[in-house]
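For the protein sequence lines, the chains are H and P, in the order given. Okay, so the first sequence: first residue is 1 according to our numbering, each after it adds one. Okay, so the second sequence: first residue is 1001 according to our numbering, each after it adds one.
I should point out that these hints are in silico values taken from the structure, not numbers from a laboratory. Where is the CB? At the ideal position from N, CA and C, for every residue including glycine. Everything hinted at is true.
Quick look at which bits of chain P chain H covers, simulated, 3 or more residues with Cβ under 8 Å:
#1 1070-1084
#2 1092-1099
#3 1123-1132
Each chain is listed here by its residues.
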Amino acid sequence: MRKEFAEAIINLSKSNEKIVFLTGDLGFMALEGVRDLLGEKFINAGVAEQNMATMAASLAYEGFIPFIYSISPFVTLRPYEQLRNDICLHNLPVKVVANGGGYGYGIMGGTHHNIEDIGSMRILPNMQVFVPFTGTDVSESLQEMVNNGSPSYLRLNLASKQENITGFSQWRKIKSSGKPKAIIIGTGTVVDNLFQLSPDLLEALQIWLVSRFPVREIPEELMEDIERTRNVITIEEHQGQCGLNETIASLLLKRLNTPIGYNTLFASGYPSGRYGSQLWHLEENNLAGKNLENKIAEFISKTK
Amino acid sequence: MYKKANAGHVGCSLSCLEMITFIKFELSAAEDELILSKGHAAALLYSVLAEAGMISEEEIDTFYQNGTYLSAHPPVNKIKGIPFATGSLGHGLSIAAGLGLAGKLKKSKKKIFCVTSDGELNEGSSWEAALFIAHHNLTNVVWFIDRNYLQGFGRTEDTMKLDPLDKKLESFGFQVADADGHDFDSLRKAAAQARHAKPLAIICNTTKGKDMMLENTVDCHYLPLTEDDYQQLIKNL
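Generate coordinates for the entire structure from the input sequences, incorporating the hints supplied.
Structure follows, in structure tokens:
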């Protein structure tokens, strides 16, 4: 999504003079065009993310729309207090852009992964979290971020290949089923892996995608689907805590009078202690490939 | 305020009393910004802003009380003259750096005066900001350092040695001036040294809890005023 992101920023900057871009010394082979276009409003703030985040708050206070950019953990967890105190408490429209949420940085290792980003960001006051799915989602997310007047977080990852899924919004029903055996609610590009399931299994699933947090309510159409199917599975390239699972579980608790089948697929970290590509980590965590297939089949059979 | 509220941080305000007064009433134009990075001296800031007519006397009376806007550290988005809540140390100089950068981009004449403690220079973020200000030659930022040699649980030089602070700042790219932080003439002369070839950092030599019975002790960071201390301070004023 880096390419789509750079193109979108260039387009937005051409019509919006308020945009200022700060990077924490990253963007090689991606942000050169942004740098060339923005000139003095493109600032390499150095490997100094705490200062970068607070400076962005000041720039927003002065009327700019600042973007801060780095690898996900470096632009979220490293300057977490700066995001909370200087940006979010003051409700300043700083846009935090994270390359490679989840296991996006693959073999680079655990220091470069971020399976805590959605949770840690969504609990910050006033923060809007954007988790695009496709390449076109990126530019639509950015347009919304620039217009919302709020602190915002954007998680970039490898774009889904489901290019027929368009129209960025918080909730999207992206796959229907005539006789669904489970409703899958997912967030992020990991949802793409569901489309690699065997045809019979995929046919049994209805898939809903969440692309913006915080989530305050479940759409009525989805509630009706859940009441009929009574079997929900969540999937996220994120810790089981604080992300999609707990969001959905807490909302369902308020709405349902009787228990339903409820299972979760999430990133548990590094079960074997070994490292590999993003796909390798997803497979190890039952979020891709045969392991994902087996888990979903198990969840469906268990709740028949 | 402190006596009525039976609040601590008295010594932290007394070390930078003249400094904040000088910045607000002599150095600043209306559009300039004052960032009190050492937010624990908020009571001093509130009283200076009250003197400037930016906080009412009625509001001042609510300091430290339930339901007040005037918390022990400067609040969020509530008081004119306080653009940012501070209190967590090591943020203020970055706030100033960002405001300085914004001023440069907007080609504005606004100046940013930032007051940090010396203890908060333990925070790495302060040095990230210092590097940035110097590298981008943000001469619209003037950095006042309250050099009282005391921090939360000991002396600065016993905790994490800062001296020679002037050499450190010079090596970062600042023009460095020294001042007696309790003397208006000395502060005036130091501020006038700005040559605008480099950003100016003024090391203000101060005494924590100046004129308190607990002067120059860690105790005056935390302990509320005793009646004797209060009477002595009033007498010295």
